[in-house]
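S.K.: Residue-level listing of the chains:
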Amino acid sequence: MDLMANTLLAAGASPAMVHATEEAEQFIQLANALLINVGTLSPTWVESMKVAAHFAQKAGKPWILDPVGAGATAHRLEAIMQLMKLRPTLVRGNASEIMAVAGAAGATSKGVDSTAESTEALEYGMQLARTYGCIVAISGAEDLVTDGERLVRVANGVKMLQSITATGCAVTALAAAFVACAPEDPLLATAHAFAVFGLASEVAARSAKGPGSLRVGLLDQLYGLEEQQVLSGVRLRD
Amino acid sequence: MDLMANTLLAAGASPAMVHATEEAEQFIQLANALLINVGTLSPTWVESMKVAAHFAQKAGKPWILDPVGAGATAHRLEAIMQLMKLRPTLVRGNASEIMAVAGAAGATSKGVDSTAESTEALEYGMQLARTYGCIVAISGAEDLVTDGERLVRVANGVKMLQSITATGCAVTALAAAFVACAPEDPLLATAHAFAVFGLASEVAARSAKGPGSLRVGLLDQLYGLEEQQVLSGVRLRD
Amino acid sequence: MDLMANTLLAAGASPAMVHATEEAEQFIQLANALLINVGTLSPTWVESMKVAAHFAQKAGKPWILDPVGAGATAHRLEAIMQLMKLRPTLVRGNASEIMAVAGAAGATSKGVDSTAESTEALEYGMQLARTYGCIVAISGAEDLVTDGERLVRVANGVKMLQSITATGCAVTALAAAFVACAPEDPLLATAHAFAVFGLASEVAARSAKGPGSLRVGLLDQLYGLEEQQVLSGVRLRD
Numbered sequence: 013m014d015l016m017a018n019t020l021l022a023a024g025a026s027p028a029m030v031h032a033t034e035e036a037e038q039f040i041q042l043a044n045a046l047l048i049n050v051g052t053l054s055p056t057w058v059e060s061m062k063v064a065a066h067f068a069q070k071a072g073k074p075w076i077l078d079p080v081g082a083g084a085t086a087h088r089l090e091a092i093m094q095l096m097k098l099r100p101t102l103v104r105g106n107a108s109e110i111m112a113v114a115g116a117a118g119a120t121s122k123g124v125d126s127t128a129e130s131t132e133a134l135e136y137g138m139q140l141a142r143t144y145g146c147i148v149a150i151s152g153a154e155d156l157v158t159d160g161e162r163l164v165r166v167a168n169g170v171k172m173l174q175s176i177t178a179t180g181c182a183v184t185a186l187a188a189a190f191v192a193c194a195p196e197d198p199l200l201a202t203a204h205a206f207a208v209f210g211l212a213s214e215v216a217a218r219s220a221k222g223p224g225s226l227r228v229g230l231l232d233q234l235y236g237l238e239e240q241q242v243l244s245g246v247r248l249r250d
Numbered sequence: 013m014d015l016m017a018n019t020l021l022a023a024g025a026s027p028a029m030v031h032a033t034e035e036a037e038q039f040i041q042l043a044n045a046l047l048i049n050v051g052t053l054s055p056t057w058v059e060s061m062k063v064a065a066h067f068a069q070k071a072g073k074p075w076i077l078d079p080v081g082a083g084a085t086a087h088r089l090e091a092i093m094q095l096m097k098l099r100p101t102l103v104r105g106n107a108s109e110i111m112a113v114a115g116a117a118g119a120t121s122k123g124v125d126s127t128a129e130s131t132e133a134l135e136y137g138m139q140l141a142r143t144y145g146c147i148v149a150i151s152g153a154e155d156l157v158t159d160g161e162r163l164v165r166v167a168n169g170v171k172m173l174q175s176i177t178a179t180g181c182a183v184t185a186l187a188a189a190f191v192a193c194a195p196e197d198p199l200l201a202t203a204h205a206f207a208v209f210g211l212a213s214e215v216a217a218r219s220a221k222g223p224g225s226l227r228v229g230l231l232d233q234l235y236g237l238e239e240q241q242v243l244s245g246v247r248l249r250d
Numbered sequence: 013m014d015l016m017a018n019t020l021l022a023a024g025a026s027p028a029m030v031h032a033t034e035e036a037e038q039f040i041q042l043a044n045a046l047l048i049n050v051g052t053l054s055p056t057w058v059e060s061m062k063v064a065a066h067f068a069q070k071a072g073k074p075w076i077l078d079p080v081g082a083g084a085t086a087h088r089l090e091a092i093m094q095l096m097k098l099r100p101t102l103v104r105g106n107a108s109e110i111m112a113v114a115g116a117a118g119a120t121s122k123g124v125d126s127t128a129e130s131t132e133a134l135e136y137g138m139q140l141a142r143t144y145g146c147i148v149a150i151s152g153a154e155d156l157v158t159d160g161e162r163l164v165r166v167a168n169g170v171k172m173l174q175s176i177t178a179t180g181c182a183v184t185a186l187a188a189a190f191v192a193c194a195p196e197d198p199l200l201a202t203a204h205a206f207a208v209f210g211l212a213s214e215v216a217a218r219s220a221k222g223p224g225s226l227r228v229g230l231l232d233q234l235y236g237l238e239e240q241q242v243l244s245g246v247r248l249r250d
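Residue numbers (my numbering), protein chains in the order written: chain A, 13 to 250; chain B, 13 to 250; chain C, 13 to 250.
Treat the hints loosely; a few may be bogus.
Note: identical chains are not told apart, hence a pair may lie in one copy or across any two.
Below, computed lysine to any residue pairings styled on SDA-like, alpha-carbon distance capped at 20 Å [what the hints assert, rightly or not]: (1) K221 - A17; (2) K73 - N44; (3) K62 - T52; (4) K73 - A28; (5) K221 - E238; (6) K221 - Q240; (7) K62 - E132; (8) K171 - S26; (9) K62 - E37; (10) K221 - V242; (11) K73 - D197; (12) K62 - E34; (13) K62 - H31; (14) K171 - A25; (15) K171 - A17; (16) K221 - Q241.
These are computed hints drawn from the structure, not numbers from a lab.
Start from the sequences and build out the full structure, keeping to the hints where you can.
M.R.: Right, here's the structure in full:
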């Protein structure tokens, strides 16, 4: 949650972290988007997540699902599939997670880190997007964002991000903020969130000595990136 | 909790983070002050918080309340008001939070970030301090610390702190440590905690490139500030 | 958890943070080692911890216990002693924690920070190791690692690590990763984890300005340390 909240604040958004079922409805009224991350799952949290997703849907606000470690346990996959029924606007995961959610038999997930390449998951992701009428974003060397028909590829980012915890969660949080600002085109909003996050990591990597200083520089750049840098640095392929 | 604990360690204090009701009484014996932060509220935590505050009161030890997001939901405000009955030594919030706790009709809070200026909340804060016989501290461009009669204004700090998560929580933690060291004058102890935290951020901001490096420098400075720097840099107005 | 996960990722390991009882068995199958840290204890977590330790034992996988704040409360010590019955491969604590676990009457623990020197705890630690057939590691100015007969002393590290939260937890996590890689000699694996962590902090300390930048540099160095640096910098005494 630390990196997610700092990512959002650095990018100019206003996050609030809420766990209690009792608070879901009122916080949804205040928010422009809801992000549900199943990272550290617990029975009471699953209940809160479902209540929150329900209220977001009811209020017509975008809600985003990060199915962390989807393939790792049956319990986790079941909780995720219950959330999918509440129709997220966007699902963001790595290749293994998206393949697990899409019910891809044969896909394996070693904990929260991906063991499959994102391109392999594209077919599963497009099918998932069509089935649930949502955007699916697959993180990888090249990020893939699809609504089941259209596909945007994002080629920003550096490999060392994988050596920092919660960078996947953080890019999902940034996507939630972008979707909140442009709910009329969640596909393009998500693709731009990936591009900006990746670009910030590229600029930060120039002076980083390892994952510790990369994390610091990433937040500095998310705060400081100029419009011109973004326009010239983003690498999207529609 | 990460930034709060690192703030306290950098400043030379010795924090312990405790959630379980069963541990409250014994930990209070070991501690010189108790800090309750309602940030990520949950029903079991509220129970622990009340038990902990009760034991702190019974042991005659200062206890400090951070009413994060006080105005955001009715559930949250109710939990906070139950804690207020247990007579905190100090309540620290932003203008919206303090106004919500003071029952100021018309005050609004957008999640955990303040939408009102701290000076607007001063009247509400002074009334709250008198009603509960506690110190009230209001964070803002200028921080205000009052016991309901006396008012100390603190003009240290930099705006970019707002782009780092948990800096409000961290300054409350530092205030708890200062109050623990000078329980005979919690008003001045709190004001100095604000001033030192703000001063550390000012020194750090000179070489920071954004919120990532500001957070790093803040901890470095809390650890390294010399007495002479503090004496000459603190901007208090009594 | 933030520093622990980043320590493991920086060092090339693949962490997953799991709380739910329902997920314990399946995650153990995927993992090469289990780490249980009792830091922020709660009744439901204690149950999950016991279930997880049980499955690790059943699967013949190493499991590691970090008895944070062991002596601080009776409730905490009781939970830890229940976990000890499930035979951890390694127990890592500071002197006070190890003395508390060893039932050393007269040992005191002020929260999670050590008040006794690690050498004083050596006798207690060796006895604990023999009683439970486990490795015991005691953090201090000089780290001590023992199986009850053999003793390895590690003289790497810098004092400022104590001003960063969770560095004790992080070195335990690194030891878990090392034991996972060399389960045939958990004593030497643990000693080397301490040495590498300490060495990384020494290199980082050369350019650190305080605990904020030391934490950043520590992660950079854990990622970047060259084999030659490790071979020449490690200070082990068998």
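S.K.: With identical chains treated as interchangeable, where does the CA-CA distance between K171 and A17 reach 20 Å or less: within a copy, between copies, both, or neither?
M.R.: between (22 Å within a copy, 17 Å between copies)
S.K.: Could you place K62 and E37 in one of the four classes (within, between, both, neither) given a Cα distance threshold of 20 Å?
M.R.: within (11 Å within a copy, 25 Å between copies)
S.K.: When no copy is named, should K171 and A25 be tagged within, between, both, or neither for a Cα gap of at most 20 Å?
M.R.: between (26 Å within a copy, 15 Å between copies)
S.K.: Checking K171 and S26: alpha-carbon separation at most 20 Å within a copy, between copies, both or neither?
M.R.: Between copies, since 15 Å is at most 20 Å while 28 Å is not.
S.K.: Pop the pair K221 and Q240 into one bin, within, between, both or neither, using alpha-carbon distances up to 20 Å.
M.R.: Intra 26 Å, inter 18 Å, cutoff 20 Å: inter-copy only.
S.K.: Could you place K221 and Q241 in one of the four classes (within, between, both, neither) given a Cα distance threshold of 20 Å?
M.R.: Between copies only: 16 Å across chains, 22 Å inside a chain, cut-off 20 Å.
S.K.: For K73 vs N44, is the C-alpha pair at or below 20 Å within one copy, between two copies, both, or neither?
M.R.: within (7 Å within a copy, 41 Å between copies)
S.K.: For K62 vs H31, is the C-alpha pair at or below 20 Å within one copy, between two copies, both, or neither?
M.R.: both (11 Å within a copy, 19 Å between copies)
S.K.: How do K221 and V242 come out at 20 Å by Cα distance, when the copy is not named: within, between, both, or neither?
M.R.: between (23 Å within a copy, 18 Å between copies)
S.K.: At most 20 Å between C-alpha atoms: does K62 with T52 qualify within a copy, between copies, both, or neither?
M.R.: For K62 and T52, the Cα distance is within 20 Å both inside one copy (15 Å) and across copies (18 Å).
S.K.: Taking 20 Å as the upper bound on the Cα-Cα distance, should K62 and E132 be classified as within, between, both, or neither?
M.R.: neither (30 Å within a copy, 38 Å between copies)
S.K.: Which holds for K73 with A28 at a C-alpha limit of 20 Å: within a copy, between copies, both or neither?
M.R.: within (16 Å within a copy, 31 Å between copies)
Hint compliance for this structure: hint 7 is the single one not met.
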